[in-house]
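Line by line, the protein sequences give chains A and B. So for the first sequence, this note's numbering puts the first residue at 82; every next one is plus one. So for the second sequence, this note's numbering puts the first residue at 82; every next one is plus one.
Honestly, I wouldn't trust all of these hints.
Pairs involving identical chains hold if they fit within one copy or between any two copies, as the list cannot separate such chains.
[Said to hold, decoys possible] With a straight-line Cα cutoff of 25 Å, these simulated DMTMM-like cross-link-like pairs (lysine to aspartate or glutamate) come out:
#1 K213 to D119
#2 K207 to E217
#3 K137 to D234
#4 K140 to D222
#5 K206 to E131
#6 K207 to D286
#7 K213 to E185
#8 K213 to D275
#9 K213 to E299
#10 K219 to D154
The set of hints was computed from the structure by calculation and includes no laboratory data.
Here is what each chain is made of, one letter per residue.
2 protein chains.
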Amino acid sequence: MTSSFSEQSFAFLMYPGFEELDLIGPWEMATMWSAYADGPACFTLSQTGEPITCAKGLKVTPDYSFATAPDFDYLMVPGGFAALEEMKNQAMNNFLADAASRAESVLSVCTGSLMLYAAGLLNGKKATTHWKMLPEMKTFDGVEVVEQRYVHDGAIWTSAGVSAGIDMTLAFVADMAGEAAASIVQHNAEYYPDPVRYGGEAAADTSPAYVRALVAAE
Amino acid sequence: MTSSFSEQSFAFLMYPGFEELDLIGPWEMATMWSAYADGPACFTLSQTGEPITCAKGLKVTPDYSFATAPDFDYLMVPGGFAALEEMKNQAMNNFLADAASRAESVLSVCTGSLMLYAAGLLNGKKATTHWKMLPEMKTFDGVEVVEQRYVHDGAIWTSAGVSAGIDMTLAFVADMAGEAAASIVQHNAEYYPDPVRYGGEAAADTSPAYVRALVAAE
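Please put together the full structure from these sequences, using the hints given.
Written out as structure tokens, the structure is:
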């Protein structure tokens, strides 16, 4: 038995109404890891395996259902307003709790962290979410809400809204496989983003602390 | 007849093997524009309308085929290694040439610009592509290759690789609808990316000029 990274696997969870970039940003980084730096095999799964319409209308089809999916080492959970409905889905909560008991790491983007909370995975953890849901998350018992771009607390990684999953996944690659692997992923995805901030929204009172700090530093 | 922006439409081109984030990054920005700042309606289309497997294995289904798609004002063309095959697809070339003659703007990400070239859309234009294809693109007649994150030349917008389409689309929103609209899109997508560059790949000789300038400025 070898323990080559390429024999590991990374599952990406889909559900009706998930936010497109929440999943596909991390998917692109993880699959670049697979393609160019010996990263884990990546696949998608959902409760039923049936075709799904995303939050903004993109139509996708998961590779597997909960029943047919192979084992995995890492799990990515996207957000979207639909995550608030999934918090009440007992089959989803059971899946997440079981996954967390067997997987090495569970990661969430945006309101995906609310699903982790509903499944009991954030007890005693630091975590974050989309800025719109920070006030709600701060009412949750047992979670320390941190207003960062992403938060790593043991086996649980959570990110801020939508695009923040890209940054979290690169940091995850660096943590798991080293900075050289993250460098290769970043370069192939040409992820050297433009730092421009348009208009005044970043300075809003509702902006998360990490964004207000960027504004204040100017 | 009003000319409200929300009555305009933005088509997103799919083809077998397109690179996931090339399309979904811009899609997320454009659909946030629709959802929160009166942006155009967004839809996906492909030559046949049949289900498609993307470069890294994501399974998607277009909303329309070339034959069934409604008219559109803007068109987004993603890249991927498969774009090199699409350059030889006469039906694709015809579609792109026809689209360019009727649409207000045509945008491409990554090697999508090579498809615009094959369709005759880059004659006399400044344009860019993924750093891997810059040497190839520089052999093309009639195109001025610019090593920027994205390039706007009249009705044609082209971006560098994969993730660069996000930055281009935000700039496109700012250009079309104003900085306040781009600010709302950026804030809802929480696109305040981490500026970290992992490892040494960014400093490679093959890095595009805009990335080498970032490294040199440190």
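| request: Tell me, please, which holds for K213 and E299 at an alpha-carbon limit of 25 Å: within, between, both or neither? | output: Intra 24 Å, inter 34 Å, cutoff 25 Å: intra-copy only.
| message | Please sort K137 with D234 into within, between, both or neither, judging by C-alpha distance up to 25 Å. | response | Close neither inside one copy (31 Å) nor across copies (29 Å); limit 25 Å.
| query | When no copy is specified for K140 and D222, does a C-alpha distance of 25 Å or less occur within a copy, between copies, both, or neither? | reply | neither (36 Å within a copy, 38 Å between copies)
| query | Checking K213 and D275: alpha-carbon separation at most 25 Å within a copy, between copies, both or neither? | reply | Answer is both; intra-copy 24 Å and inter-copy 19 Å each pass.
| field | Copy assignment of K207 with E217, given that the CA separation must stay at most 25 Å | value | within (15 Å within a copy, 47 Å between copies)
| Under a CA distance limit of 25 Å, which applies to K213 and D119: within one copy, between copies, both, or neither? | between (36 Å within a copy, 20 Å between copies)
| said: Within, between, both or neither: how does the pair K213, E185 come out at a Cα-Cα threshold of 25 Å? | reply: neither (29 Å within a copy, 34 Å between copies)
| task | Indicate which option fits the pair K207, D286 if close means a Cα-Cα distance not exceeding 25 Å: within, between, both or neither. | result | For K207 and D286, only the intra-copy Cα distance (22 Å) is at most 25 Å; the inter-copy one is 41 Å.
| How do K206 and E131 come out at 25 Å by Cα distance, when the copy is not named: within, between, both, or neither? | neither (33 Å within a copy, 44 Å between copies)
| request: Tell me, please, which holds for K219 and D154 at an alpha-carbon limit of 25 Å: within, between, both or neither? | output: neither (30 Å within a copy, 43 Å between copies)
Violated hints for the displayed structure, listed by number in ascending order: 3, 4, 5, 7, 10.
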